[in-house]
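**Student:** This is what each chain is made of:
There are 2 protein chains.
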Amino acid sequence: MTTRRTPGRPASGDTADRRSAILDVARAHFAAKGFRGASMRAIAREAGVDVSLISHYFGDKSRLLVATMELPVDPVDKIRSVIADGPDGMAERLLRTFIESWDPHHEVFSALVRTALGSDDAHAPMLEVARNVLVASLLEVLVGEERELRASLIASQLIGMATLRYVVRLEPLASADPADVVRQYAPPMQLLIG
Amino acid sequence: MTTRRTPGRPASGDTADRRSAILDVARAHFAAKGFRGASMRAIAREAGVDVSLISHYFGDKSRLLVATMELPVDPVDKIRSVIADGPDGMAERLLRTFIESWDPHHEVFSALVRTALGSDDAHAPMLEVARNVLVASLLEVLVGEERELRASLIASQLIGMATLRYVVRLEPLASADPADVVRQYAPPMQLLIG
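Quick mapping for you: the protein sequence lines, in order, are chains A and B. Numbering of the first sequence is given in my numbering, commencing with residue 1 and proceeding in unit increments. Numbering of the second sequence is given in my numbering, commencing with residue 1 and proceeding in unit increments.
It is possible that part of the hints are untrue.
Said to hold, decoys possible - Far from chain B, some chain A residues (derived; all Cβ distances over 12 Å):
| # | residue |
| --- | --- |
| 1 | GLY37 |
| 2 | SER39 |
| 3 | MET40 |
| 4 | ARG45 |
| 5 | GLU46 |
| 6 | MET69 |
| 7 | THR97 |
| 8 | ASP103 |
| 9 | ALA130 |
| 10 | ARG131 |
| 11 | ARG150 |
| 12 | GLU171 |
Said to hold, decoys possible - Just so you have them, the derived chain A footprint on chain B, three or more residues with Cβ under 8 Å:
| # | region |
| --- | --- |
| 13 | 50 to 58 |
| 14 | 181 to 191 |
Just so you know, these hints were derived from the structure itself, not from any lab. Computed from a prediction, not measured in an experiment: that's the story for all the values here. Beta carbons: idealized from backbone N, C-alpha and C, even for Gly.
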């Protein structure tokens, strides 16, 4: 593995330093250019490392984005496991996994939403994850007509529920038992999954 | 109609002045105490008018709250007309009315959401309308089990869709034809209405 040096940003040092340097550069690129505009090669160049080192540490661009957010829940892993079993019963798995993952971290979720929606930043990391992890993953599973519109409406249902449960804390949703939310909300979501 | 005078806040003057004085006081009370904590009597007292004058100008407390927001769309009127015809086909009427009302004012909606969610203010006017106009009106129509949870999940669907369409501007939802959104999204919402 070769590394290219950039003045003032040594690529040498231990793994933790290099990971941290890559994440700093990646965070700045995602903020400035958005997910689509950001390039793994450009990030590697500025961090003074080979692009294969970024893939080795973090995986693909979605995972790099998620790594920059230092989330308590890995949305890529979670959604991969949900979609792996196909569309049958997916709404129930998606809702149960989402609620079980985020209930213990509702304050983090709330801060992410407040940051993303409180600013005018179309490339807020939370929004990029919604677009490029959630919606993109749903599209791998959905078939039939208007699948892109349906994927964005499934995201609407999920993000709306999470916003009222965690951010607005609308009762009785905010305190409802996860099983009750899943039982009521999975059928309407499954209708859009097909 | 009697009016009580408060020093420095004359209740006399023309109607526009009095309406405006009432709205200023009401806005401050809703901001400080929230919808439930705010009292029509206390607002009347501080504005130096009789409470019956507030009812005469604005109607009930929900309408007074809405009046303080100076919205381009009156959500009380809109939702009254939607629920007047009962639960059959209500999701379609609710979505069509909502989208037709807010599409031309999407920037106002976006500013309301950003203000409500960007701050830590549990009594943001937009949230009070969601609770005390939208959810309260849905509850007048819903019957059957867990109707309060279902009402908050219908609000989740509506607010999630509007946030992704107007604030996040997620495509293809942001540019989708209203008829396509209604056709795809009304059945899942109707499932929660019953």
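**Student:** The structure should be examined with respect to each hint, and the outcome stated for every one.
**Tutor:** Against the structure, the hints:
1. GLY37: Per Cβ check, GLY37/A is outside 12 Å of chain B; nearest 16 Å; holds.
2. SER39: Consistent with the label, SER39/A stays out of reach of chain B, its closest Cβ about 22 Å off (over 12 Å).
3. MET40: 24 Å, holds
4. ARG45: 30 Å, holds
5. GLU46: GLU46/A is indeed farther than 12 Å from all Cβ atoms of chain B, at 28 Å.
6. MET69: 17 Å, holds
7. THR97: 17 Å, holds
8. ASP103: 16 Å, holds
9. ALA130: Violated, since 7 Å does not exceed 12 Å.
10. ARG131: About 6 Å separates ARG131/A from the closest Cβ of chain B, which leaves it inside 12 Å; violated.
11. ARG150: 6 Å, violated
12. GLU171: The claim is violated: GLU171/A sits with its nearest Cβ about 7 Å from chain B, within 12 Å.
13. 50 to 58: It is violated, with 0 qualifying residues against the three required.
14. 181 to 191: holds (count 7)
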